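Colleague: Below are the chains, spelled out letter by letter.
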Amino acid sequence: MSKYSDELTYNFTKGIAPPVRETRIGVCSAYCGTCGDLNEDVKSGCAQVQSRKFAQSGGCQLGLAVGIASSITNVVTIIHSPLGCCSGFGGQAGMRKTQRETRGKRNEDFVWLHTNMDQLDVVNGGIDKLREAILYAEKEYNPEAIVIANGCVPGIIGDDIDSLVNELNGRLSAKLVPVHCEGFKSRYVASGYDAAYHGFLRSLLEPIKQYDRVFPDEGQDALERYKNSRTVNIFNVGSNSPGDENELSRLVSALGLFPKVVPLHNSLDDLARLGDAALNVSICATHDDYLLGHLKELFGTPYIIDTLPIGIKNTNRWLWKVAEFFGLEDEAARVIKLENDQLLEALEPLKKELKGKKIFVGGGETRILTTAEFFSSTLGMELVGVKAHNVDRFVEEILEDVTGPELVIEVAAGQPAEELNIINKLKPDLYCGHMGANGWVARLGVPNLPLFGMGLNFMGYSGAYELARKAVKVLKNTNFVKNISANVNLPLRKEWFDTDVKDNIKENDLV
Amino acid sequence: MSDFIERAKFSCALGGALTTVAGIPRVVPIVHAAGGCASSLSGAYNVAAGYRGVGYCGGNMIPTTNIAENNIVFGGEDRLAEQIEHTVKALDGDLYVVLTGCQVEIIGDDAVSIANRFREQNVIGVSSPGFLGNTLKGYVAVLNAIIKDVIRKSDTKDARTVNILGVVPGHDVQYRGNLDELKRLLRLVGVKANTFFGTDESVETIRGYGDAALNVVLSPYVGVEPAKTFEDIHGTPYIVSEIPIGPTGTDIFLRQIGDALNLDIALVESVLRYERVSYYSFLERIVDIYSDIDLQRFAIVAADTYYAHAVTRFLANDLGWIPHLTAINDIEADDAERQADYEAKFADITSETKPKIIFEQNAGQLLKHVRDSWELNANNKYYDALNPAFVIGSGIERSLAEKLGAGFLAVAYPVSNRVVLNKGYAGYKGALSFVEDLLTGLIAAR
Numbered sequence: 024m025s026k027y028s029d030e031l032t033y034n035f036t037k038g039i040a041p042p043v044r045e046t047r048i049g050v051c052s053a054y055c056g057t058c059g060d061l062n063e064d065v066k067s068g069c070a071q072v073q074s075r076k077f078a079q080s081g082g083c084q085l086g087l088a089v090g091i092a093s094s095i096t097n098v099v100t101i102i103h104s105p106l107g108c109c110s111g112f113g114g115q116a117g118m119r120k121t122q123r124e125t126r127g128k129r130n131e132d133f134v135w136l137h138t139n140m141d142q143l144d145v146v147n148g149g150i151d152k153l154r155e156a157i158l159y160a161e162k163e164y165n166p167e168a169i170v171i172a173n174g175c176v177p178g179i180i181g182d183d184i185d186s187l188v189n190e191l192n193g194r195l196s197a198k199l200v201p202v203h204c205e206g207f208k209s210r211y212v213a214s215g216y217d218a219a220y221h222g223f224l225r226s227l228l229e230p231i232k233q234y235d236r237v238f239p240d241e242g243q244d245a246l247e248r249y250k251n252s253r254t255v256n257i258f259n260v261g262s263n264s265p266g267d268e269n270e271l272s273r274l275v276s277a278l279g280l281f282p283k284v285v286p287l288h289n290s291l292d293d294l295a296r297l298g299d300a301a302l303n304v305s306i307c308a309t310h311d312d313y314l315l316g317h318l319k320e321l322f323g324t325p326y327i328i329d330t331l332p333i334g335i336k337n338t339n340r341w342l343w344k345v346a347e348f349f350g351l352e353d354e355a356a357r358v359i360k361l362e363n364d365q366l367l368e369a370l371e372p373l374k375k376e377l378k379g380k381k382i383f384v385g386g387g388e389t390r391i392l393t394t395a396e397f398f399s400s401t402l403g404m405e406l407v408g409v410k411a412h413n414v415d416r417f418v419e420e421i422l423e424d425v426t427g428p429e430l431v432i433e434v435a436a437g438q439p440a441e442e443l444n445i446i447n448k449l450k451p452d453l454y455c456g457h458m459g460a461n462g463w464v465a466r467l468g469v470p471n472l473p474l475f476g477m478g479l480n481f482m483g484y485s486g487a488y489e490l491a492r493k494a495v496k497v498l499k500n501t502n503f504v505k506n507i508s509a510n511v512n513l514p515l516r517k518e519w520f521d522t523d524v525k526d527n528i529k530e531n532d533l534v
Numbered sequence: 002m003s004d005f006i007e008r009a010k011f012s013c014a015l016g017g018a019l020t021t022v023a024g025i026p027r028v029v030p031i032v033h034a035a036g037g038c039a040s041s042l043s044g045a046y047n048v049a050a051g052y053r054g055v056g057y058c059g060g061n062m063i064p065t066t067n068i069a070e071n072n073i074v075f076g077g078e079d080r081l082a083e084q085i086e087h088t089v090k091a092l093d094g095d096l097y098v099v100l101t102g103c104q105v106e107i108i109g110d111d112a113v114s115i116a117n118r119f120r121e122q123n124v125i126g127v128s129s130p131g132f133l134g135n136t137l138k139g140y141v142a143v144l145n146a147i148i149k150d151v152i153r154k155s156d157t158k159d160a161r162t163v164n165i166l167g168v169v170p171g172h173d174v175q176y177r178g179n180l181d182e183l184k185r186l187l188r189l190v191g192v193k194a195n196t197f198f199g200t201d202e203s204v205e206t207i208r209g210y211g212d213a214a215l216n217v218v219l220s221p222y223v224g225v226e227p228a229k230t231f232e233d234i235h236g237t238p239y240i241v242s243e244i245p246i247g248p249t250g251t252d253i254f255l256r257q258i259g260d261a262l263n264l265d266i267a268l269v270e271s272v273l274r275y276e277r278v279s280y281y282s283f284l285e286r287i288v289d290i291y292s293d294i295d296l297q298r299f300a301i302v303a304a305d306t307y308y309a310h311a312v313t314r315f316l317a318n319d320l321g322w323i324p325h326l327t328a329i330n331d332i333e334a335d336d337a338e339r340q341a342d343y344e345a346k347f348a349d350i351t352s353e354t355k356p357k358i359i360f361e362q363n364a365g366q367l368l369k370h371v372r373d374s375w376e377l378n379a380n381n382k383y384y385d386a387l388n389p390a391f392v393i394g395s396g397i398e399r400s401l402a403e404k405l406g407a408g409f410l411a412v413a414y415p416v417s418n419r420v421v422l423n424k425g426y427a428g429y430k431g432a433l434s435f436v437e438d439l440l441t442g443l444i445a446a447r
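Going line by line, the protein sequences match chains A and B. The first sequence runs 24 to 534 under my numbering. The second sequence runs 2 to 447 under my numbering.
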């Protein structure tokens with residue numbers, strides 16, 4: 024995976040909005056076939072121009088962008104759009120407390136505003152309301168930053184939020200962070216990560232100013248330099264848990280390095296010190312190649328974008344890459360051996376329960392492939408298929424590496440009708456999937472477990488054990504899905520289950 | 002012009018349309034919009050309506066045209082036609098409702114006309130872009146379309162049948178339980194209630210709603226427009242009532258219905274007597290603990306016009322709590338007429354203390370209002386504090402309750418800290434559930 028990020032350049036911060044991923048890296052969002060064929064078709068570019076006749080609702084980049092940006096400490100988020108965009112916050116606001124407290128951060132209210140654009144605003148523009156909302160946020164909450172997420176309506180009618188930001192900049196104590204994440208602009212929701220980080224890079228990240236000491240202290244300076252030379256920024260993502268962060272930090276510490284978990288849930292002060300590190304390491308290319316690439320320009324910090332540390336093989340690989348950068352291969356070899364020996368021994372009884380069981384994994388491309396690898400090669404389960412939201416060239420290597428060329432793969436963000444059609448044919452014993460998919464799979468009668476969760480640990484060695492333990496637990500009583508499938512109807516027609524999903528894919532057509 | 006809103010307790014019109022459609026079994030929405038709108042909005046109700054779930058065809062199952070930048074330039078009507086054609090083949094629905102998002106309305110796609118081309122396959126169209134306004138506008142748009150396009154015209158009316166309007170599924174987190182209890186109570190006085198979204202309703206039953214003699218609007222403002230549409234098309238008159246909670250509210254409600262339908266007064270009164278006796282036979286259970294450890298509370302209510310007065314009156318007139326402050330979040334700051342109209346409802350509060358009524362759309366301002374309502378602690382040795390207090394609001398008020406050291410129950414949307422299945426707070430049975438939930442929070446640590 025690292026090879027592909029080396030081909031990319033990162034010099035987009037001059038523009039007010041980032042390029043969408045369709046143009047920046049090219050994405051396949053509709054495919055049904057085998058992993059081998061997909062890899063060929065991605066390389067030739069055919070896979071990237073497919074779409075579907077019958078489509079279902081996927082995601083919106085605005086939600087992902089705001090999820091990232093609003094996690095920062097002492098920030099107010101303004102959704103410049105009608106009331107619906109991010110209205111899901113109403114049900115999630117309380118989770119900010121647990122998200123922060125479980126990371127040892129100070130509790131604070133989640134504060135967001137909607138500019139509540141209406142019909143008049145569609146005609147007259149919504150800039151005046153946005154100005155009022157910004158001034159309200161500043162006056163009532165005195166935040167360090169105000170994030171302004173631009174939705175489809177202002178995007179289409181041409182509200183110029185950046186001129187407003189220029190007008191207000193310097194007159195408020197808060198930093199204003201415009202985030203251009205209009206949903207209609209990209210079918211690839213991960214564009215939202217770039218949109219959020221683009222806002223961070225342009226408006227939020229200000230490297231801390233270094234002043235000479237009044238009383239020179241060479242010893243202290245040397246200590247700081249030493250510490251910085253062994254500090255590793257671990258870049259977290261919205262879908263990882265405090266447990267994941269603790270585990271990855273533990274592993275980095277075991278090499279004798281100093282881990283810092285950034286950028287989600289950080290304060291502006293934390294972010295200003297992003298440059299005080301020797302290495303930036305990603306845990307998911309889909310999330311942060313845009314940020315890490317640009318940080319190299321801004322702070323000069325080298326980065327590693329390689330694999331997602333899920334399962335034994337990929338955790339080993341992730342840790343090894345970090346160690347390799349610092350020349351700590353001997354230490355890494357010792358840590359990995361110890362951890363692997365202990366974990367494999369602990370997994371023995373769980374492997375007996377899972378061996379030979381059929382599994383299907385669906386969700387984000389890197390996560391499903393690494394998770395699937397653990398289920399199949401370590402736990403001895405039979406991998407019958409995978410479904411990726413999207414596929415881009417970041418997973419070229421892992422696609423060849425982890426899966427056989429004949430493995431069934433579907434590429435679809437959401438699209439449960441297609442996924443259920445395939446699962447119904449493959450008949451897995453267990454499904455592991457993204458939020459929003461598991462409920463449908465349950466209605467089909469297939470036992471399932473979540474692919475990620477903010478209260479669960481999936482990453483690192485402890486995460487591998489937790490994942491195996493959970494898979495065994497789910498299969499200890501499958502009555503819930505049996506009862507649901509016997510009594511709750513799916514909206515899909517019987518005829519739909521008889522169709523070939525490939526027939527729903529349109530070639531050479533992005534409309 | 003509408004204002005910006007801090008921590009709105011609504012989604013947009015499309016969200017309201019989707020949660021309304023999801024309230025009727027086997028109805029399939031088809032959303033003509035960008036790819037994320039439908040699943041995000043449906044997802045909001047999945048969680049924040051007491052884990053109501055996505056329903057028969059919600060969440061990422063919702064068929065969507067998934068329009069993007071190229072459609073914004075070239076139009077998306079052909080894509081919509083293709084999507085409808087394939088949806089009716091793949092998905093099994095008794096009714097398909099095409100709903101529109103902001104993007105396609107701004108560029109001028111005529112989605113309703115395209116939907117009408119598929120009328121023979123039970124497809125109808127509703128214009129429901131988010132910029133129409135909040136959740137309630139979407140409810141109104143869908144109801145208007147159902148009244149026009151789905152409900153059969155009927156020349157004969159059944160004098161003992163009513164339709165219930167104004168209950169927005171999902172936005173009223175307890176809608177199923179509420180409607181089922183009202184249906185039960187009305188059955189006791191010999192009236193059949195059509196509820197749109199209660200148990201046993203379907204597209205087929207809704208088609209027959211033209212038989213009803215009366216529409217009963219259970220919200221002061223929300224269902225009035227569909228009731229007028231109903232009257233225009235089907236000739237059915239309407240009355241505006243309120244969601245009844247507990248003895249006081251239910252007595253008023255059933256007598257009002259009795260009056261409007263010319264029911265036998267003796268029958269109505271005997272039902273009310275029976276229900277009251279039954280209610281107090283259960284409520285009697287908490288008399289001892291209520292008195293022994295003093296479970297009376299200062300009540301701070303934060304809700305929209307649907308629940309605010311109904312809840313405040315139950316707490317004050319029936320449960321005997323002190324109605325301290327009631328904050329209403331769905332009347333605009335400059336709508337003095339409607340504010341006065343709604344405030345007048347509180348004249349029927351019989352407690353010695355009357356509640357302070359405020360109109361506030363911005364959830365974060367409520368803490369200030371509470372502080373302004375009570376003398377501040379000047380570090381006096383003796384201070385008559387606003388406690389013990391209890392906040393009855395939405396999930397957003399949880400942090401307010403924590404700051405006040407008050408008890409807390411989320412009743413109004415959004416509610417994501419408890420699961421709601423068949424529970425309702427309406428009528429007599431609902432009021433008992435309401436008391437259970439209020440008091441359970443106070444004794445949970447025992």
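Simulated from the structure, these hints should not be mistaken for laboratory data. Note that this is a predicted model, so its numbers are computed, not measured. Misleading hints may appear alongside valid ones.
[Stated by the list, open to error] A few chain B residues that face chain A, going by a derived Cβ cut-off under 7 Å, partial list only:
1) ALA9
2) ILE63
3) HIS87
4) ILE107
5) GLY109
6) GLY321
7) TYR383
8) SER417
Glycine included, C-beta positions come from ideal geometry on N, C-alpha and C.
Colleague: Is the hint on B/HIS87 kept, meaning its closest Cβ partner in chain A is under 7 Å away?
Modeller: At about 4 Å, which falls below the 7 Å cut-off, the nearest Cβ of chain A leaves the hint on B/HIS87 intact, so it holds.
Colleague: With a cut-off of 7 Å on the beta carbons, see whether B/ILE63 makes it to chain A.
Modeller: Given a least distance of 5 Å, the restraint on B/ILE63 holds.
Colleague: Quick check on the hint: B/GLY109 CB to chain A CB, less than 7 Å?
Modeller: With a minimum Cβ separation of about 11 Å from chain A (threshold 7 Å), the hint on B/GLY109 is violated.
Colleague: The hint names B/ALA9 as touching chain A; please verify it with the least Cβ-Cβ distance against 7 Å.
Modeller: OK, holds: B/ALA9 within 7 Å of chain A, min 5 Å.
Colleague: Could you check if B/TYR383 really has its C-beta closer than 7 Å to a C-beta on chain A?
Modeller: violated, 31 Å
Colleague: With 7 Å as the cut and Cβ atoms as the points, is B/GLY321 at the interface with chain A?
Modeller: violated, 30 Å
Colleague: Per the CB criterion, is B/ILE107 less than 7 Å away from chain A?
Modeller: Interface hint status for B/ILE107: holds (5 Å vs cutoff 7 Å).
Colleague: Hint B/SER417 vs chain A: min CB-CB distance below 7 Å?
Modeller: With Cβ-Cβ at 4 Å, under 7 Å, it holds.
Violation of the numbered hints given earlier is confined to hints 5, 6, 7; the remaining hints are satisfied by the structure.
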